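Novice: Protein chains in written order, with the numbering used here: chain L, 2 to 342; chain W, 2 to 342.
Don't take every hint at face value.
One copy or two, it doesn't matter: identical chains are merged, so the pair holds either way.
[Said to hold, decoys possible] Within a straight-line C-alpha distance of at most 25 Å, the following computed BS3-like cross-link-like pairs (lysine-lysine) qualify:
(1) K272 / K302
(2) K196 / K234
(3) K253 / K272
(4) K199 / K70
(5) K302 / K3
(6) K73 / K196
(7) K272 / K70
(8) K166 / K119
(9) K309 / K48
Everything labelled a hint here was simulated from the structure, so no lab data went into it. Since the structure is predicted, the reported quantities are computational estimates derived from the model, not experimental observations.
The primary structure of each chain is shown beneath.
2 protein chains.
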Amino acid sequence: MKIGFDGMGGDHGPKETVKGAVDALEIIKGDIVIFGDDAALRTELSKYKFDASRIEVVHTTEVVGNDDKPVKAIKGKPDSSMVVGLKALRKGEIDAFVSAGNTGALLAGSLLKVGRIKGISRPALCTIYPTMNGASVLVDAGANAECKPRNLIEFAYMGSMYADKVLGLKNPKVALVNIGSEETKGTPLYIETHKMLKETDLNFVGNVEGRDIPAGNVDVIVADGFTGNIILKLTEGVAMQIVSGLKKQIMKNTIGKIGGLLLKRNLSDFKKMIDYTEYGGAPLLGVNGLVVKAHGSSNAKAFKNAIKYAQIGIESSLVEEIRQKVSSFANAVEESSDDEA
Amino acid sequence: MKIGFDGMGGDHGPKETVKGAVDALEIIKGDIVIFGDDAALRTELSKYKFDASRIEVVHTTEVVGNDDKPVKAIKGKPDSSMVVGLKALRKGEIDAFVSAGNTGALLAGSLLKVGRIKGISRPALCTIYPTMNGASVLVDAGANAECKPRNLIEFAYMGSMYADKVLGLKNPKVALVNIGSEETKGTPLYIETHKMLKETDLNFVGNVEGRDIPAGNVDVIVADGFTGNIILKLTEGVAMQIVSGLKKQIMKNTIGKIGGLLLKRNLSDFKKMIDYTEYGGAPLLGVNGLVVKAHGSSNAKAFKNAIKYAQIGIESSLVEEIRQKVSSFANAVEESSDDEA
Chain L
2 MKIGFDGMGG DHGPKETVKG AVDALEIIKG DIVIFGDDAA LRTELSKYKF DASRIEVVHT
62 TEVVGNDDKP VKAIKGKPDS SMVVGLKALR KGEIDAFVSA GNTGALLAGS LLKVGRIKGI
122 SRPALCTIYP TMNGASVLVD AGANAECKPR NLIEFAYMGS MYADKVLGLK NPKVALVNIG
182 SEETKGTPLY IETHKMLKET DLNFVGNVEG RDIPAGNVDV IVADGFTGNI ILKLTEGVAM
242 QIVSGLKKQI MKNTIGKIGG LLLKRNLSDF KKMIDYTEYG GAPLLGVNGL VVKAHGSSNA
302 KAFKNAIKYA QIGIESSLVE EIRQKVSSFA NAVEESSDDE A
Chain W
2 MKIGFDGMGG DHGPKETVKG AVDALEIIKG DIVIFGDDAA LRTELSKYKF DASRIEVVHT
62 TEVVGNDDKP VKAIKGKPDS SMVVGLKALR KGEIDAFVSA GNTGALLAGS LLKVGRIKGI
122 SRPALCTIYP TMNGASVLVD AGANAECKPR NLIEFAYMGS MYADKVLGLK NPKVALVNIG
182 SEETKGTPLY IETHKMLKET DLNFVGNVEG RDIPAGNVDV IVADGFTGNI ILKLTEGVAM
242 QIVSGLKKQI MKNTIGKIGG LLLKRNLSDF KKMIDYTEYG GAPLLGVNGL VVKAHGSSNA
302 KAFKNAIKYA QIGIESSLVE EIRQKVSSFA NAVEESSDDE A
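All chains should be built: construct the whole structure from the sequences, respecting the hints.
Specialist: Written out as structure tokens, the structure is:
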């Protein structure tokens, strides 16, 4: 098993990517192929001791920047770590490709260089959403700002398979994000999607409101990419602000500092529960190969975990399973669309 | 000054509404008119000592339920506390009306019984969003699931006036919720709205992403009602889960409990920062009278504060100001719409 890895992606360049790759070797069985600038990567690699036979470096001369226009970057930078990595995935030289680069470019590159699974209209970012109750799956976390009901049905199926295969949640409870529990709530997109989800063979449990998302009572949270992106980032933002507000209160006076010191161990468990770096990566489901988007600000730990989840995705044949099942749920979507007409 | 108050609205019935009204007398100058079942309200009122000349009870025989269909409830329950209260507002018998009842019914009732300000296409819920940096204004927090750019421009103007008049934020920074900072991000609705906001005389500072909303660096957060509702409720949900997770960690062992005890005072300051009951109410801006929606699960403290903010709204002539300024910003919207065509 070979996991491809974009050594140049993310805010913390080759420093954190290389450390993440080296650390990942300890928890995965497969080998890693890092795409990026040979000299920069080797400088970082030389800092660590590891089994050199398990990390291969593929030299690339270009980098897709965070501000690059997606399609232009993919077409204009054929020797970038991202494009070369995606091509290797299509050729089967690697079994998955993990990148913390420009999300739009990774999506465009996946479509242009790897392609969609036949029957899937739009690939979606499928993120693990940490809750107090373990973890849910949020899909789409931002790949498609504008969606049709058909897209959301596909997201629901793919998210459900991810929850089952990768997180081990059997018969996962699928819920639709909405602003009320009644099926008549929301925009026409959400009203129609609710109707269609009821007709599927998914374990659809109805709408989930913003207030209930973090409780983790449902396994798969389905949303359009605009809403999903806001849910994901807002959750991070609120958690960050609360943790930093808490720190301030602890540091405010001596008695607070002593209290904080006594709580230190318990609070570190707590921090772990709300730490996205524990999961680190979101697959672009619907692409005809396993592409995993790592968080732009990933550190080594987030990269290590993104690589770990990529391995679980490979081992569980996630893409192959979606490919095989797509015909059955494509039919469900067709039928519902017919009803609509 | 007379503040009308729906004594039957919200999850905690006359018990919390009446206590909230009595408590409010201590911090407001005006009098309160409570609409609801005379016997139930007087039973609760008899529990407290207060200046009886400052609370008037108007007996009504019906109640709009949380599950009632909005328009049907308003038309079918003419003697409900909500409908009678809204009619009193239109007649000028009261200067504001505060209710924790069914949001959809309150919106429908406001439109049917009070009416819109001429030039405003859609009233919006304008909520105070508590941040670590004070408070922002979020508009629309859920009145309009589906919006056009024109609606969002109106929300921006009205939210800006609320931030100025009621929160005292001069030249408030207005931001558009979005999934990226670039003006080409988001759905067509958001791309078009961004363009139009740039052309207004508002202090428009660009897009704000989910991650940055809780930081409180902007004063007015503009969103369609679907997204706004999810932002508001998700923020509450994340805060609730984190606070309860924190409590669990504190109670986990003896050392945690001691640490928690030492931190108790500091943490209560902290809790206050993230407590929606401090603000308690959201005006339905664009209605031709001051209607304030209180949180459905409001307790007495939330009601007291909702009444307090209603008083600030009356004193600052918020509705009158919107009415006067609407012609100038209606023109801005017209012009931008013309550009579009």
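Novice: Take the hints in turn and mark each one as holding or not.
Specialist: Okay, the hints, checked on the actual structure:
When the C-alpha separation of K272 and K302 is checked against a cutoff of 25 Å, the pair qualifies only within one copy, where the shortest distance is 14 Å, while the shortest distance between copies is 31 Å. In this homomeric assembly, K196 and K234 come within 25 Å of each other (Cα to Cα) only across copies, at 24 Å, whereas the closest approach inside a single copy is 28 Å. Proximity of K253 and K272 under a CA criterion of 25 Å is satisfied in both settings, with 20 Å inside one chain copy and 15 Å between copies. Taking the closest pair of Cα atoms, K199 and K70 come within 25 Å of each other only across two copies (22 Å); inside a single copy the shortest separation is 38 Å, beyond that limit.
Taking the shortest Cα distances, K302 and K3 sit within 25 Å of each other inside one copy (20 Å), while across copies they are farther apart (59 Å). In this assembly of identical chains, K73 and K196 lie within 25 Å of each other by CA distance solely across copies; the values are 23 Å between and 38 Å within a copy. In this assembly of identical chains, the alpha carbons of K272 and K70 never lie at most 25 Å apart, being 36 Å within a copy and 43 Å across copies at closest. In this assembly of identical chains, K166 and K119 lie within 25 Å of each other by CA distance solely inside one copy; the values are 20 Å within and 56 Å between copies.
Taking CA atoms no more than 25 Å apart as the test, K309 paired with K48 passes inside one copy only; the shortest distance there is 22 Å, against 62 Å between copies.
The structure does not agree with numbered hint 7 stated previously, though it agrees with all others.
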